[in-house]
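J.: Starting from the given sequences, assemble the full structure and let the hints guide the process.
Chains as they are written, first to last, in my numbering: chain A, 577 to 844; chain B, 1055 to 1469.
Treat the hints as calculated values from the structure; they're not laboratory data.
Don't take each hint at face value.
[To be verified] EDC-like, lysine to aspartate or glutamate: derived pairs with alpha carbons at most 20 Å apart: (1) A:Lys627 / B:Glu1058; (2) A:Lys639 / B:Glu1445; (3) B:Lys1172 / B:Glu1269; (4) A:Lys639 / B:Glu1269; (5) B:Lys1384 / B:Glu1449; (6) A:Lys639 / B:Glu1058; (7) A:Lys826 / B:Glu1271; (8) B:Lys1215 / B:Glu1314; (9) A:Lys639 / B:Asp1272; (10) B:Lys1332 / B:Glu1314; (11) A:Lys759 / B:Asp1091; (12) B:Lys1114 / A:Asp768; (13) A:Lys759 / B:Asp1103; (14) B:Lys1418 / B:Glu1445; (15) A:Lys639 / B:Glu1271; (16) B:Lys1095 / A:Glu762.
[As the list claims (entries may be wrong)] Taking beta-carbon pairs under 8 Å as the criterion, some of the chain A residues facing chain B (in silico): (17) Ala633; (18) Gly635; (19) Arg680; (20) Pro686; (21) Asp724; (22) Ser733; (23) Pro735; (24) Arg753; (25) Ser769; (26) Ile813; (27) Phe817; (28) Met828; (29) Asn840; (30) Glu844.
Built from N, CA and C at the ideal position, the CB exists for glycine as well.
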Amino acid sequence: MSMEYYSGLSTEVANSFGMLTESMRITFAAVMIMATIAIAIFMIGMYINLKKWGLGAEGYGLKPSNGSIFTFPKTLAYQMSGKGHGHGQNIFSTLIFDALLQRRALRRSPGRWVMHLAIFGGWIALCIMSIAMFVVEIIHMVGIHVLDPAVFREMLSFPNDVFSYILLIGIIIAIVRRLFVAKARESTIAFDSVLLVGLTIIVVTGFVADGIRNGTLWGLGMQSDLAPPASLFHVVISLFFCIAYIPFSKYMHMIAGPLTLMANKGGE
Amino acid sequence: MKGEPSINTNNLTAVQLMELDACVRCGECVNWCPTYDAAGKPAGLAPRDKILRWSQFMNKSYGLRARLFGPKAIPEEEIEAFKDDVYGCTTCGMCATVCEVGINTIELWESMRANLVKRGNGPYGKQGMFVKLIGEYKNPYMEDPKNRLNWIPDDVKIADKADIVYFGGCTAELKQTKLAFATARVLNKLGIDFAMLGEDEVCCCSALVRTGQYEIEDIARKAARQNVDGMVAKGAKTVVYACAGCFRASLVDWPRLLGEELPFKVMHITEFLEGLIKEGKLEWEKPFDNLTVTYHDPCHLGRHVGVFEPPRSVINAIPGLNLKEMDRIKANQRCCGAGGGVKAGLPDLALKVAETRVQDALAKSPDILSSACPFCKRNLSDGRDSLGAKELVVEDVIVLVAEALGIRLDDCVEG
Chain A
577 MSMEYYSGLS TEVANSFGML TESMRITFAA VMIMATIAIA IFMIGMYINL KKWGLGAEGY
637 GLKPSNGSIF TFPKTLAYQM SGKGHGHGQN IFSTLIFDAL LQRRALRRSP GRWVMHLAIF
697 GGWIALCIMS IAMFVVEIIH MVGIHVLDPA VFREMLSFPN DVFSYILLIG IIIAIVRRLF
757 VAKARESTIA FDSVLLVGLT IIVVTGFVAD GIRNGTLWGL GMQSDLAPPA SLFHVVISLF
817 FCIAYIPFSK YMHMIAGPLT LMANKGGE
Chain B
1055 MKGEPSINTN NLTAVQLMEL DACVRCGECV NWCPTYDAAG KPAGLAPRDK ILRWSQFMNK
1115 SYGLRARLFG PKAIPEEEIE AFKDDVYGCT TCGMCATVCE VGINTIELWE SMRANLVKRG
1175 NGPYGKQGMF VKLIGEYKNP YMEDPKNRLN WIPDDVKIAD KADIVYFGGC TAELKQTKLA
1235 FATARVLNKL GIDFAMLGED EVCCCSALVR TGQYEIEDIA RKAARQNVDG MVAKGAKTVV
1295 YACAGCFRAS LVDWPRLLGE ELPFKVMHIT EFLEGLIKEG KLEWEKPFDN LTVTYHDPCH
1355 LGRHVGVFEP PRSVINAIPG LNLKEMDRIK ANQRCCGAGG GVKAGLPDLA LKVAETRVQD
1415 ALAKSPDILS SACPFCKRNL SDGRDSLGAK ELVVEDVIVL VAEALGIRLD DCVEG
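T.: The following block contains the structure:
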């Protein structure tokens, strides 16, 4: 079984730089280890959050629970099944219109909706495509040659570009808001800005890594042998910032937000 | 975990603790909060800020750092300051309406209040008197329970038992008696037999629930039990309320306190009248003289339980009245400022919010500012007086109905 990690360079190109084959193996191992660590940190963080939420009661007027990780899911299920006041929407309507399409945000501020949907949509699409590319590469590596990773990567090249720019536009709007809209600027705290700064770095490094690989504008004229380390840098900070950091940061709203909408049946 | 956390999670459900982590800090709640606006925008009163602070309290007490190194102590002054801010809220629900992730902020604030009461920090100021007053007098006005019958004029017929029970509520029966007068005479005029609980009626305990004191001495649950049992004994199939606060308490709070659904239907008087109007059962005898009326949605009737249209239908049916809406109505309406214990605990803040709401009304140049809650009427009247807008009449929908039906109310002496 070949252990070369397909880092975006074609296999032929990779083999012509003999020493890069070694670094690609290291890159693969490094990415796998770091991904495992990132996911482990994420799971530890979620465990701590579930324990924290689990200190609440299972219902109105009941005594606090003992911090069991099952308290929150039980309470959530009970609340979702009960009669709620407010919209009392069904779960599908809530998930699609409020969680996914963020209808409640659109009602309040179309501008903020555009910004957030761009960031959310871009982030989710890129995440899904990254996972898809990784899965295809792994399948190919273990010897199941259903889809050629290079071909698949080429297929996703355009949507990757599109969603990357959508995400970038969303981030630019967010930065402009935080800097130039007085209300947003004055209410910004580290809790908010860390997320934005981190996301900006990830997006920019993603463009740069891809640009070096393809020799495009975002490559900034750098040599193609810098593509693997550039990719590695992007992948590592993405793993740690966009996965591991979730439970410990404002990112938590990505999980708690939809859960809140479901618990309250679409809200008031 | 080493050491004891400074806060606990009493009265907070697991879902509510999760909601604290759902806030995206969009700030929409801050844009709409009436007390934040009326108080001059102090950061502590912003709903977003309150969520962040309690979330930080939770993380300091039970988060990763707490698990590794022990809880971080939270200065008592900080918790006291938080208590002051969480009570600086009328529980109007505007923040819940605009929250982009649908956090049920009303219940979150009430749970935090209950937590702080148990901890010994809450309630706020004079709100602490509610327990003693309601516990001892069964009403918050320190009136003898027998005085609940004082408002009843000789001509009003109240059945011993009937399918309809009218729950008067403490404010209408003891203070703003014109409301009870009007309701009773309207029901009589329409030939509707109704019963009342009389001196056996106990406060709905909305004030206790809103201020986090509902578990003290089990007063709220016992009151709900007594009221419900009394209504059943009176034969109630439908219970009618003219007070939005009592209506909301019976619809939402009593089933929770008792752990059971109510064995009768619950309606606000405007819903009840709307049905009768649709059946053509109201014969107007004394139309108004082409007056403009603007309607203020009580938070407990509108946002909390979704009754927006019936009061408007009733107003629109009254001849001689022209309904002109304020800019902020229905789910976006601005609170009158009285609710959530603010009228008792922070009367200056309640007045400032009322002034803002009256200014909303005055912008439409109405003759009458109407509502469907005696507490709203009281605070809006105070706001009107404070602004010196003497020409603006503040009156309840049921009183307007009574007047249009030709019912005299001038023999009513308000407490």
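J.: Quick check: which numbered hints come out false for this structure?
T.: 2, 7, 8, 10, 20, 21, 22, 23, 24, 25, 26, 27
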